[in-house]
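Engineer: Next come the chains, spelled out residue by residue.
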Amino acid sequence: MRWRRPGIFSGSGGGVMDFDLPEELEEYRKKVREFALKEFKAELAEKCDREEIYPDELRKKTFEEGLVDFSNPWKTMIAIEEMCRVDPGLGISATVPYFGAEVLMLHGSDYLREKYLSRVAQGKAMMGLGVTEPGGGSDVAGLKTNAHKEGNKYIVNGSKMFITNGTIADFFVMLVRTSPPDDPKKRHHGLSVLVVERNFKGFDTNHLTGKLGVRATNTGELILNNVEVPEENLVGEEGKGFYYIMEFFNISRVFVAAQSIGIAQGALDRASAYLIAEESRGNFVGEERKFKLAEIATRVEASRLLMYKAASYLFNYRPNPMITSMAKGYASETASFAAESAMEITGSHGLKTDLERLFRDSKIMEIWEGTSEVEKIVISRMMMKGDKNE
Amino acid sequence: MNEQTEMMMQTIKQFADESIADIALKIEREGIPDDLYQKIIQQGLIGATLPPEMGGAGLERSSYDAILFQLAKASPSVAFHVFMNNSIILRFLEKAGKKDEISDVISGKERYGFAPGPMMEGGEDDEGYLIIEPNSKNLIVDGNDGSIFISNAKPELLNKKPLGLRGLRTDIAKGTGSGQKILSMNDSELIWEEGSWHAAAVFLGLAEGALDKAIEYTKVRKTFNYSLKDYEPVAFRLSELKSEMEILKNTLFGDKEDTLTGMMLKTISSEFARRATKYALQFHGGYGYLEDFGVEKFYRDAVALNSIMFRPVRDKRSLASKIYQEKSGFL
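Quick note, the sequences are listed as chains A and B, same order. Following our numbering, the numbering of the first sequence begins with -7 at its first residue and continues without gaps. Following our numbering, the numbering of the second sequence begins with 894 at its first residue and continues without gaps.
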């Protein structure tokens, strides 16, 4: 499975800029929204949030409807945004069974793509990405999980933390250290990516509960104790793992921007519906709150345009990490801003509705796939190197 | 800070260390345990500001705010329980001349819940209404027009997991209830305004609780071989927030007592608490997102309390009218 070049967003009328998505994608957006409004039932969203349950039936239904097509990143991005707009916990759960698939698409052997990715594409398996470690966080190159070669196998020891789909995925695309760095200053050397199955001997998981938000998603800790991984499960070349993962983050950050914009748009939908209802009941709605609504709307629009720009570079094979980090960083802060502002606009009403869940869900956007601080490091480093907006 | 307030700070800190710190997470998950309610009564924290002839402790304003501040650092739910009883329920009962009821609350014989949203007939909201400490025998209800009622209605609880004040088993209820009107809107507005100092104490306490956790965490958490505190954005931001905190505390525990200053402090403190708790969580990274680390509760409670205690239109209009000394901000 490879990405198809979408051949879109170059301007339907031949102009330099066209801010409308092609008709095909607009239709797709409508289809996803209708699905989410119909299937993301309030009771399901509340139950999954309260009990921290992954909505597997919803995953299957989303797959059956063909709504998440990872061979078409534009559609994926739009699906993520529209689903998170209705409910972030369910939306992320429905679109995350493929998390990490791009690493295999871009660098996996035919054997690995056939053995693992095709099952995911058929909805028969789920996957995850194992990068973050306890005490690691933003410092990816400082990871401690190691793999040494014995015969035709790698023996893996270590642990991974905050892994999405941690206790439900069938396999993980995992970053490990296969050799010490050749220079202490180049810790990102000597890292490799392996595909590690959950049912390999010595592999254990813990379900992490008590999260602030996105509680419908599954988060786990992975423990690897002398896990034997066949050498053919090496993704790409040994020692190039760090680059593969950074390349992946460049892709996934666009999708996190889509999650964030979905949340921000969802908060905007709810706040504006509340104010419209208040006015229709004859209650006074002053400009203070209307101005706040305008601020949210402006930031949502700006975030979406920035995301489209990052996506346009990326999906046309010209990734621009600086623009991607700008898009992810700004969209994630917009999600938090929008959710908190909507809570302020709606007062105690917001506490009684799913807006409070949106607020709780929004904060993780500024943390996962690179914290806001990491995004600013990427942007400022590239600016200092003279790598401007091109 | 005067000597009496300083002593109160120490006393309540010790109380919080001994009776709350170890069960703070349990309070969030299961609610305030009965023995802690009893200890709060035994310590004389309910009725703290009422005069001795009414069975209270007769504390001055800043000593009472020291209680709220220290409790909020450990558990915003516990602090709000004390705030709600003293600054809302007992104040309303006092103003309404309900002496017997006051005595029952101070002694712990009766407990009142509080419904800050429209519950009375005519004010129905499709989403129901919020009730804090819903299992209490009686309710104090903020009516549709701002007047205050006592109700013994038994609302149908929806068993929702609320955003904040989880230690008080806060829930959403359906239906409407009848009640006895005890105060007019004008009386209740005055009490809300007087309570601004104390609301600010809760906001600032929970903000300091979050900031202290963030400062401790960033000392020990390392990334790229350095402690988080060694990085400018972390150290500078937390230092700025602590600076703001000290300035705000100077006002909270200073000499001023007037209502306008209290209203100003509440306005600034509610925004500050949301900002400070957000950074505190952010600097914990993924761990901050887990309840075990005890910082996410401050973030939730800051926003929930803002929705409950800071009424965006009424409070801002009152403040504006006091500053302009005439009706303002109404268009």
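Rather than coming from a laboratory, the hints here were simulated on the basis of the structure. Where hints are given, some of them may not hold.
To be verified - No more than 27 Å apart at the CA atoms, straight line, and that leaves these computed lysine-lysine pairs for DSS-like:
{"hint": "1", "chain 1": "A", "residue 1": "Lys282", "chain 2": "B", "residue 2": "Lys906"}
{"hint": "2", "chain 1": "B", "residue 1": "Lys906", "chain 2": "B", "residue 2": "Lys1209"}
{"hint": "3", "chain 1": "B", "residue 1": "Lys1115", "chain 2": "A", "residue 2": "Lys33"}
{"hint": "4", "chain 1": "B", "residue 1": "Lys1122", "chain 2": "A", "residue 2": "Lys178"}
{"hint": "5", "chain 1": "B", "residue 1": "Lys1115", "chain 2": "B", "residue 2": "Lys1142"}
{"hint": "6", "chain 1": "B", "residue 1": "Lys992", "chain 2": "A", "residue 2": "Lys39"}
{"hint": "7", "chain 1": "B", "residue 1": "Lys1122", "chain 2": "B", "residue 2": "Lys1112"}
{"hint": "8", "chain 1": "A", "residue 1": "Lys232", "chain 2": "A", "residue 2": "Lys284"}
{"hint": "9", "chain 1": "B", "residue 1": "Lys1122", "chain 2": "A", "residue 2": "Lys136"}
Engineer: With reference to the structure, classify each hint as holding or not holding.
Structural biologist: For each hint, the structure was consulted:
1. Lys282/A / Lys906/B: Roughly 42 Å separates the two Cα atoms, so the pair is violated.
2. Lys906/B / Lys1209/B: violated, 33 Å
3. Lys1115/B / Lys33/A: violated, 42 Å
4. Lys1122/B / Lys178/A: Holds - the C-alpha atoms of Lys178/A and Lys1122/B are around 24 Å apart, at most 27 Å.
5. Lys1115/B / Lys1142/B: Violated. Lys1115/B to Lys1142/B sits at ~31 Å, over the 27 Å cutoff.
6. Lys992/B / Lys39/A: violated, 44 Å
7. Lys1122/B / Lys1112/B: Within the cut-off at roughly 6 Å; holds.
8. Lys232/A / Lys284/A: violated, 47 Å
9. Lys1122/B / Lys136/A: Holds, at about 23 Å.
Hint compliance for this structure: hints 1, 2, 3, 5, 6, 8 are not met, and every other hint is.
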